[in-house]
Amino acid sequence: MHAFDAQRHAFKALQQTFVVDQDYTFHKELGQGAYGLVVAAKNRKTGEGCAIKKITNIGTKKILTKRCLREIRLLHHFRGHKNITCLYDMDIVFEPNNVFNEVYLYEELMEADLHAIIRSGQPLSDAHFQASGASHRAFMYQILCGLKYIHSANVLHRDLKPGNILLNADCELKICDFGLARGYTPPGQNPGAPASKAAGNAGFMTEYVATRWYRAPEIMLSFANYSTSIDIWSVGCILAECLGGKPIFRGRDYVDQLSQILNCLGTPKEDALRRVGSPRAQDYIRSLPIKPRIPFQQLYPQANPQAIDLLGHMLCFDPAQRISCEDALKHPYLTVWHDPMDEPVCQTKFDFGFEEEETIEGMKKLIVEEVAQFRQEVRGQSRGETGARRQDTLPIPTRDEIINSPVHEDAPANGATSAYTRPAEVRPGSPMMEDPAEQLDHELAARG
14 MHAFDAQRHA FKALQQTFVV DQDYTFHKEL GQGAYGLVVA AKNRKTGEGC AIKKITNIGT
74 KKILTKRCLR EIRLLHHFRG HKNITCLYDM DIVFEPNNVF NEVYLYEELM EADLHAIIRS
134 GQPLSDAHFQ ASGASHRAFM YQILCGLKYI HSANVLHRDL KPGNILLNAD CELKICDFGL
194 ARGYTPPGQN PGAPASKAAG NAGFMTEYVA TRWYRAPEIM LSFANYSTSI DIWSVGCILA
254 ECLGGKPIFR GRDYVDQLSQ ILNCLGTPKE DALRRVGSPR AQDYIRSLPI KPRIPFQQLY
314 PQANPQAIDL LGHMLCFDPA QRISCEDALK HPYLTVWHDP MDEPVCQTKF DFGFEEEETI
374 EGMKKLIVEE VAQFRQEVRG QSRGETGARR QDTLPIPTRD EIINSPVHED APANGATSAY
434 TRPAEVRPGS PMMEDPAEQL DHELAARG
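Every letter in the sequence shown is one number past the one before it in the working numbering, and letter 414, counting from 1, is 427.
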């Protein structure tokens, strides 16, 4: 696995040198994410497309090393589910001194992300984000199927947004980017451990990126426990964006984000308000005038009433009142397509024990072991077992259409689009890491 093996070749892209499997030729640049660069490549022998993600600077910061280890382990664990991006292969390129600072992931190549589709201005019908024919699934159904599988492994994604929902022209959908995922303990599974203290949740608030528009309010308000409901909130925000063509909550900062949520959902009930862990935030909410809830039907008058009902069950201020993935899949809006045989659960709970390793060298050793194990298990398997192609189609915007399409003044400033699809020259800068609850508290204190 050294850089100058005969099994590899090098090319320049995104102002970096990629050292990849000799069977793959460079096709085009796809973009840069928070901690990696992505290009599209083609297999010389089969013509099959592939997204090659180069994860850089692994040995420079603990947070980057841990995120790389977390992502490759989760992609390995979830490999094979049709609504989660498929990891084909992994590679480590060692320097002559046997040191490495880069890891290459060979992943399923998709054509666009949901943010690009919404931004392009294409109308999204019920058929798109409900389902597309008796034997096919589309946006909402597929997101929930993938999320059910993730949650059943005791994993919270924590970063669901349109940019992390990848699509093909036939409406095939994949959830990607598990670098911010955490574990949790479902109620009753370990009565002695609160959900927020479960394995994998050490430093639950750390590494949160600065895109706040899809983040559940309890993350900002320091609720005692966190559960799968934080991902359901994000899915509700995605559904609302599909219905309205723009994000439903577009806060300029944390206080404004909270205000927009309260202006829409109304004043929280006392039971939920008592669970707000930040005294300053609790006092702030109590100081505001009592606000009524704005009906979602008023915000989206053209929407399917059943979609509005599902949205109402997802976007509840109180996380305890939000619908679960299982119940959402049975909701009347999707029940026609609901098929338990098509909605499997993960048979093995994900082990976050590696999170206890705190040294860079220890984590890098675990990365090497993970790559070796992955290769032993999956190399040589077929790279196309993702199910039959769908007959319905969704127009995918071209590169020029995405670049030149109108952008709302309040369009996402950071991290709203997947690095797999966004042209490099219009990618936003990497978001800052911060603790949402501390940031909200700081902003409220600054306002006096």
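Treat each hint with caution, since some may be false.
To be verified - Derived Cβ-Cβ restraints for the label pairs, each shown as a range: (1) D340 x G366: 27 to 33 Å; (2) K74 x P109: 34 to 40 Å; (3) K74 x M354: 43 to 49 Å; (4) N70 x T348: 31 to 37 Å; (5) P305 x Q202: 23 to 29 Å.
The hints are simulated quantities; they were obtained by calculation from the structure and are not laboratory data. Ideal placement from N, C-alpha and C gives every residue a C-beta, glycine not left out.
Quick rundown of the hints versus the structure:
Judged by the Cβ atoms, the range 27 to 33 Å given for D340 and G366 holds: they are separated by roughly 31 Å. Range check, K74 to P109: about 24 Å between beta-carbon atoms, so the 34 to 40 Å window is missed. Under the hint 43 to 49 Å, the C-beta atoms of K74 and M354, about 44 Å apart, fit the expected range. The beta-carbon spacing between N70 and T348, approximately 47 Å, falls outside the hinted interval of 31 to 37 Å.
At about 38 Å, the CB distance of P305 to Q202 disagrees with the hint of 23 to 29 Å.
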